[in-house]
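First to last, the protein sequences are chains A and B.
Just so you know, we're using this note's numbering here: the first sequence kicks off at -8 and counts up by one.
Just so you know, we're using this note's numbering here: the second sequence kicks off at 2 and counts up by one.
Calculated from the structure, these hints are not laboratory results.
Positions of the beta carbon are idealized from the N, C-alpha and C atoms, including for glycine.
It cannot be assumed that every hint is accurate.
Unchecked claim - In silico SDA-like cross-links for lysine to any residue, where the CA-CA straight-line distance does not exceed 20 angstroms:
id, chain 1, residue 1, chain 2, residue 2
1, A, Lys384, B, Lys75
2, A, Lys288, A, Glu269
3, A, Lys341, B, Leu65
4, A, Lys395, B, Thr67
5, A, Lys388, B, Gly32
6, A, Lys341, B, Val38
7, A, Lys252, B, Leu65
What the hints assert, rightly or not - Partial list, derived from the structure: chain A residues whose beta carbon lies under 7 angstroms from chain B:
id, residue
8, Lys163
9, Ile167
10, Thr279
Claimed, not checked - So the derived list for chain A, only partly shown, Cβ under 10 angstroms to chain B, looks like this:
id, residue
11, Thr164
12, Arg166
13, Ala236
14, Leu321
15, Gly323
16, Asp387
17, Lys388
18, Phe392
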Amino acid sequence: MIPTTALALIEVDITRGNLNPLPIAVSPLSIDEDSKKKFKSILKKENIGSEISLIVEKNLKTSGLFNPLNKDAFLQAPDIANLKPRFEDWNLIKAQALVTGKVKFQNDKLRVEFRLWDVLAGKEMMALAFTTVPSNWRRVGHIITDKVYERLTGEKGYFDTRIIYVAEEGPKTRRIKKLAIMDQDGANNKFLTLGNELVLTPRFNPTSQMVTYLSYFRNLPRVYLLDIETGMQEVVGDFPGMTFAPRFSPDGKKIIMSFAKDGNSEIYTMDLENRIVEKITNHPSIDTSPSYSPDGKYICFNSDRSGYQQIYIMKSDGTNVKRISFGKGLYGTPVWSPRGDLIAFTKLHKGKFYIGVMRIDGSGERLLTENFYQEAPSWSPNGRVLIFYRETKTNDKGEGFSAKLWSIDLTGYNERLVTTTTDASDPSWSSLLSN
Amino acid sequence: MKLNKILKNAFLITFACLALSACATQKKTTGQMQGDVYTGTDTVEYLASGVPDRVFFATNESVLTTASRETLRKQAAWLRKNSEITIVLEGHADERGTREYNLALGERRANAAKDYLMTYGISSDRISVLSYGKERPVDSGSNPLAWSKNRRSVTVKAN
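Here chain B stands alone, though its shape is the one from the complex (with noise of 0.2 angstroms):
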């Protein structure tokens, strides 16, 4: 009898368990991640308030989504404002790619920020452009979520 109730307030635990590790792994994927960019803010600083610093990449890609353009809009904004303030965009990727393709992808992302920048009135001679590949992740987890933190165009003042 005693045992039975043991084993079954063991079970109860169990499924308690179960429960929360359900919540937790579904609260990364959706609160996280649209897709496989990262939508979070967890590794993103400011340049001033209001300003990311950063925007983010699905695997192998580097178009720019609504929230990146968004970001790199407020961007431009800033660097209008504080027209002697010149930029380094630095492109990494994430570790699941050979080092030399990874290379080209990171200077190919960090090229589509420059752009978008470009379109928005900021001169070229203001920024310049340094691809990390996947030299330098910010997240050093083998997940879903770090690697879609380390898919990243970062905007660093250089002056």
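Isolated chain A, as found in the complex (with noise of 0.2 angstroms):
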């Protein structure tokens, strides 16, 4: 959490709430009127400096732990600035870091540099430059934002990321879902199936841009593959009955799923090299909702052995099973921090829904938000935000619902609705698609 270089005198302390977010100036990328022009006719903006900018503006206030300055009151032309900033200059508007860059077209490429500033000391805290394809350029704000959150809070960040979640409409007793991506921000949302069967629960694969989902194709619920870049789709296994609740080992090369039979859920995982499947849990309970731990040794899952849901962890191999929720009410949907520490669940308690965080040994437990129906976290790559769904109570004539999702920091600060097209549930977070 110690920023690397003793000389820099800012730093954005992540283990607390948002009450004094950071003043951050960050000055529009400066772009000359050639590469203005020529962007100008690829990607249909106007100035896409400008553009990049707002990105990660908006990138940084949605973290919570940035205040970025309104750019009326920037005194400084930003060619100027990405020169040689006049810190007085940006000091009279009380900001304490400062972004600045540059934009080209150059060889048909993008190329940007950027520069993050400590305002208060007077220097120069970054400077990074790289090239892409144009139409990256959203990308490019996301990825200049990771690099000032990393700086300046000692954290890699979570914004060159995507989302991949259930859209919904329609009636609640038709509902109609189709699988869909969209960028972190909620830009270049895109649909991934037509609606045409029941889908549920996509999750990432933390290595690479697959997904393992729960699909009714033909009306047999099972766990399917599939990858984001081909539209290749496979069944995971060969199953006499329905598969579910599917997720990614962290390495990426296992399944873990629930197998259903005979009213008893199992807990199975699937090598996705040598096909081979072996049981894990062996009780005659519901055990599902399994999460590896980031090192693979463990797993943490659902289980209603104790007679309701509770959560559990054991060994990757099934052994040394122990139940780890005591506190009041029903525990679902554990999911392991990506830092390794921390277990994020659903609880539901007295006719509320909660969700919270305990740690591996299910002490520690916190509650970050409580609501009528709200659940299934998943983590930012960092271990810092949670994302999850929430669902609205209907009137006695069953109108009013909707469901959407929301973020949290793991603080239990900063609730905000993720925008999205449509109805949403059911949301994973991708890797860092960069770095």
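Combine both chains into one complex, guided by the hints.
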């Protein structure tokens, strides 16, 4: 958590809430007239330098850790600021950090350079340049944000990422569900299935752009594997009944899931290379919602072997099963943090649903948010933010239903609606696409 | 004086409303649910005359009630008489549970019905089981009565 450069004066403490977000100025990236025209003809954007800086600004604001300042107050022009900022001017508008940069059309590519400045110390904290295809311009904004976030918080960012989720429409009794994918900020939304069959619980492979999910294709609920790039799909394993609740192992080589037969759900794994299936649990109760620890050595899961839904952990071979949830109420959907120290869950108590976290031994339970209905937290790749879905209560005529994605910081602050084009549920956060 | 009268009338109307709504609520809870198991017939369809197509469950339970067992015995008798018919048992849960657990719970409920039909002589070859979890409610309300209608196993003709 301590920035690597000892000289830096500013740093953002991310272990606390967003009570004092860091004032930061994001200067529009400067651009020459020629490049501006070229990008305008390709991307239909008037000024791609301003557009990219807006993405950075929105990302930083959404994190809850930064307070991007109003551009109207900026005294220095973007090109001059990028060469040598006049720190007194930025200090005057109370900016503590400043992002400047330059974007250029070069050999049919988009070349960007940017700098992060410590305004109070009057020093450059970071300078980076990279080149990509022009159509990647939104990702350029996300990558800049990731670098700034990492430099100022000491932790990896989560902005150059995507969310896979289930897009929903239609009445509650005949809901149509499609797989959909979008950038973390809601841009570039795309549907991956047509809605002909019910689909549920898509989850990313942490090492590639593969997804596993549940589909009711031909009324046979089975776990499927989907390659987002090629659109290729296949059934996972040859089970004589419903398979569900799939997730990848941290190395991306196995799928762990439940298989239900004769009223009993057990947890199985399938190795994607040699197709070997292993039975992990063996108990006449419901065992489901498995999730690996990041080192792959343990599995947390949901079981009602005590009579009601609780959270358990076991070794990845199924031995040493231990219950870890002991608070009041029912617990479901455990999901291991990518940092390894926490398990996020859904809790039902006295008619309310909570998203919470606990340590892996079950101690330190913290409830982050309470509502009529919400479930299925998924971690940002840096383990700082949870995304989940929330449904509204209908009236006695069954009207007023909606399902939306929300995110919340691990601290319990900064709860935000994640805007989607349709109703949405079952979100899963990808790993960082770059670095 | 006049105002007083209006106020009095208003009070009377309010009291009347209260009495009515109390009646309605009472009817809802005692008339169509026993404990939290649905006992009404609003959503029930019939496989044949006198053979209801579904049974209902208590919250988080897959135990068959006395009424459920009676319904399933009627279904078994009908299936014995119509030996060419195959069925799907569709298991469902209400919206007050996590999606994955509810898929497992729906499967467990449908299997409770399957096991009972089998003890009354119906071959497992004629029965398949399909869990919908909480994905296909019959009543889209967010209230205890609606939830009780949705916790069900429905016997559907497959051929």
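Mind listing which of the numbered hints don't hold for this structure, in increasing order? Violated hints: 1, 3, 4, 9; rest satisfied.
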